[in-house]
Amino acid sequence: MATLFQGLPSSTAFSSSNKFNHVPAPTSFSERKSSIVTVRSDARWSPVLNYATHKPQRLITNAVATKADSSLASTSSKPGHELLLFEALREGLEEEMERDPCVCVMGEDVGHYGGSYKVTKGLATKFGDLRVLDTPIAENSFTGMGIGAAMTGLRPIIEGMNMGFLLLAFNQISNNCGMLHYTSGGQFKIPVVIRGPGGVGRQLGAEHSQRLESYFQSIPGIQMVACSTPYNAKGLMKAAIRSENPVILFEHVLLYNLKDRIPDEEYVLSLEEAEMVRPGEHVTILTYSRMRYHVMQAAKTLVNKGYDPEVIDIRSLKPFDLHTIGKSVKKTHRVLIVEECMRTGGIGASLTAAITENFNDDLDAPIVCLSSQDVPTPYAGTLEEWTVVQPAQIVTAVEQLCQ
Amino acid sequence: MIFDYIEIFILTFCEQLITKEEGLVLYEDMILGRFFEDMCAQMYYRGKMFGFVHLYNGQEAVSTGFIKFLKKEDYVVSTYRDHVHALSKGVPAREVMSELFGKATGCCRGQGGSMHMFSKQHNLLGGFAFIGEGIPVATGAAFSSKYRREVLKEPGADEVTLAFFGDGTCNNGQFYECLNMAALWKLPIVFVVENNLWAIGMSHLRATSDPQIWKKGPAFGMPGIHVDGMDVLKVREVAKEAIERARRGEGPTLVECETYRFRGHSLADPDELRDPESVSSLAAEKAHYAGRDPITALKKYLFDNKLASEQELKAIDKKIEELLDEAVEFADESPLPPRSQLLENVFADPKGFGIGPDGKYRCEDPKFTQGTAHV
Numbered sequence: 001m002a003t004l005f006q007g008l009p010s011s012t013a014f015s016s017s018n019k020f021n022h023v024p025a026p027t028s029f030s031e032r033k034s035s036i037v038t039v040r041s042d043a044r045w046s047p048v049l050n051y052a053t054h055k056p057q058r059l060i061t062n063a064v065a066t067k068a069d070s071s072l073a074s075t076s077s078k079p080g081h082e083l084l085l086f087e088a089l090r091e092g093l094e095e096e097m098e099r100d101p102c103v104c105v106m107g108e109d110v111g112h113y114g115g116s117y118k119v120t121k122g123l124a125t126k127f128g129d130l131r132v133l134d135t136p137i138a139e140n141s142f143t144g145m146g147i148g149a150a151m152t153g154l155r156p157i158i159e160g161m162n163m164g165f166l167l168l169a170f171n172q173i174s175n176n177c178g179m180l181h182y183t184s185g186g187q188f189k190i191p192v193v194i195r196g197p198g199g200v201g202r203q204l205g206a207e208h209s210q211r212l213e214s215y216f217q218s219i220p221g222i223q224m225v226a227c228s229t230p231y232n233a234k235g236l237m238k239a240a241i242r243s244e245n246p247v248i249l250f251e252h253v254l255l256y257n258l259k260d261r262i263p264d265e266e267y268v269l270s271l272e273e274a275e276m277v278r279p280g281e282h283v284t285i286l287t288y289s290r291m292r293y294h295v296m297q298a299a300k301t302l303v304n305k306g307y308d309p310e311v312i313d314i315r316s317l318k319p320f321d322l323h324t325i326g327k328s329v330k331k332t333h334r335v336l337i338v339e340e341c342m343r344t345g346g347i348g349a350s351l352t353a354a355i356t357e358n359f360n361d362d363l364d365a366p367i368v369c370l371s372s373q374d375v376p377t378p379y380a381g382t383l384e385e386w387t388v389v390q391p392a393q394i395v396t397a398v399e400q401l402c403q
Numbered sequence: 001m002i003f004d005y006i007e008i009f010i011l012t013f014c015e016q017l018i019t020k021e022e023g024l025v026l027y028e029d030m031i032l033g034r035f036f037e038d039m040c041a042q043m044y045y046r047g048k049m050f051g052f053v054h055l056y057n058g059q060e061a062v063s064t065g066f067i068k069f070l071k072k073e074d075y076v077v078s079t080y081r082d083h084v085h086a087l088s089k090g091v092p093a094r095e096v097m098s099e100l101f102g103k104a105t106g107c108c109r110g111q112g113g114s115m116h117m118f119s120k121q122h123n124l125l126g127g128f129a130f131i132g133e134g135i136p137v138a139t140g141a142a143f144s145s146k147y148r149r150e151v152l153k154e155p156g157a158d159e160v161t162l163a164f165f166g167d168g169t170c171n172n173g174q175f176y177e178c179l180n181m182a183a184l185w186k187l188p189i190v191f192v193v194e195n196n197l198w199a200i201g202m203s204h205l206r207a208t209s210d211p212q213i214w215k216k217g218p219a220f221g222m223p224g225i226h227v228d229g230m231d232v233l234k235v236r237e238v239a240k241e242a243i244e245r246a247r248r249g250e251g252p253t254l255v256e257c258e259t260y261r262f263r264g265h266s267l268a269d270p271d272e273l274r275d276p277e278s279v280s281s282l283a284a285e286k287a288h289y290a291g292r293d294p295i296t297a298l299k300k301y302l303f304d305n306k307l308a309s310e311q312e313l314k315a316i317d318k319k320i321e322e323l324l325d326e327a328v329e330f331a332d333e334s335p336l337p338p339r340s341q342l343l344e345n346v347f348a349d350p351k352g353f354g355i356g357p358d359g360k361y362r363c364e365d366p367k368f369t370q371g372t373a374h375v
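Protein sequences, first through last, are from chains D and Z. First residue of the first sequence: 1, per UniProt numbering; consecutive thereafter. First residue of the second sequence: 1, per UniProt numbering; consecutive thereafter.
These are calculated hints, taken from the structure and not from any lab test.
In the SDA-like style, the derived pairs of lysine to any residue whose C-alpha atoms are separated by at most 25 Å in a straight line are:
1. Z:351 with D:174
2. Z:120 with D:220
3. D:189 with Z:103
4. D:121 with Z:151
5. Z:351 with D:358
6. Z:299 with Z:90
7. D:126 with Z:150
8. Z:351 with D:219
9. Z:153 with D:94
10. Z:146 with D:136
11. Z:367 with D:323
12. Z:351 with D:242
13. Z:120 with D:219
14. Z:186 with D:112
15. D:327 with Z:365
16. Z:216 with D:134
17. D:126 with Z:154
Input sequences plus hints: build the corresponding full structure.
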């Protein structure tokens, strides 16, 4: 399922020799100006003409490689190794803990239990109970403890068993994590990583289905990233740990069992860059985390209907990568944002404002933002389904946008 | 061990508890604290500093008694009433005064202010505006110390952390959560409660079901001690034992210092509840504690035990007065922070401001730290 179209290798991805080893890969996305190429599922290139009216006049088939038997799918003969997303997170964490003895983990059930989503499984046995610390149920205090430890030389990773629990730590995250570097005049740095699963799951109920990225986004002094594939999960975890800034890494409850192939070589991704998932011509779809998969599913339908969406996983929720986004907007002139936050005050709302402020002249139509309903996530399966954005809604939105 | 799970009142011994040198150090530190706070009040009313300024007058024995026992590598975490903790820990008076005036030469470049005093050089971890916020940070510093000793195996990693906070904080969740964690992991920390009986206008007795805070220590498995916080020598005895206990790795201690603030909660507080004209019992309270001024008490002790003469103490007074005059002059003449300082310390790694539409990191623009609306 995770064998999604990876798009063209960005500068921080693994070397082009791995992925497209039988076609000459372009050296950088920005160097191709007016001629756009589409990479087909059989990894052959074909040029696509620019359309003056932006209406699809040529049906583009097979532009999304999600078939299990396609050559881009995982096979044992390909380089790298296969694993699930939570294992990728663990791999990244383990590598960083081996590399730097000051890196430690603290949270509820991270040690002996191995983490409620198994991200820290086996680490306590390997590194000891002090490096993988099982804390009592006191989010505000152990988050503050992590911050104090970071100020005095350690590099803790604080796990919220569910992101929603970090609401209890809001005092420490907002007042101390975000502010202490500034109020101390730059004397103390706070290299913490705060991570945990959030988002709407499968009937977990309102309080376990929260999207805290919208609540944290105003806090100055922190960075927020959201991972969505095993590849970027490991890369972002490593980048977050190495960063001198406090970083909040948002994982999603439903994505932990995604399987994909990642490189054997070490790699670290950039915390501030967005990821091009699928280049396209007609509309820019900005998304992150779980909604990426709803978008890609909608993309299949859209492609069959003759549309060519460009899908970008923004990855960096704070700050936004306005360069990647801007280039895309200048190309397609239409933007659709698909997010899981609530309609009011979410990441999409901020992104809409940022794009309008910076690229208003490049837009042919108002930005459309699809968000979850402003409702505490209901328990009932049907209601929960209608709370979040579904692929059918994305298809409709693109059709309306491209009229 | 003398501090077991019982309350102890320390008796004043007849024999000498301190040497002359120690006595003069204690006296100078307390005078520095007192004179500095008085100078703060003057400067505030002259419009040199603004906002919330919380003065420590009357509580000097706690700060001096504890902090003068620490090594430079030990950590101190305070609250918004942190000027004197900063001074006792060694932050120069001119830097603290500068910070209060909001100048670029302040210990936090003018960005923190009265309630956010930090010093990496002197291991002062703040200065926190919300009560209870600093206690987890202190717990973290103590955890760091334990980690360095047991995981990184650094020899001599035995730094102790002191967390100072008030009686009002002892009703806050963070206090209890940290007492639990510190006792659980035997962290090298001392929780010092400066019980001055008042949280702004809320009397400790009206806010707390069991006002004896020291009792909460044994409930979590650590010793709880009550000490007369107006007597620097008694505080020092307790501090010595608690700090050495932590350094040996035996775990935390909760010390309740009964003390009093002579001024209001902050310079903005009219302190009407304790006005001698209004409620007579509170006037008596204020007069009672004024009679127990820790500086007067130490002076008397030094004279009675022939440890210092009137002249020597007056010389110290004069020295501190000159130091403070110089500090005020320094702060007055220091430059205000320029606009370019606005966004300089938001991120330790300024790449955190992200990539702008032109593809470059925003921090690469040299004028970026002046701040624009387009961040």
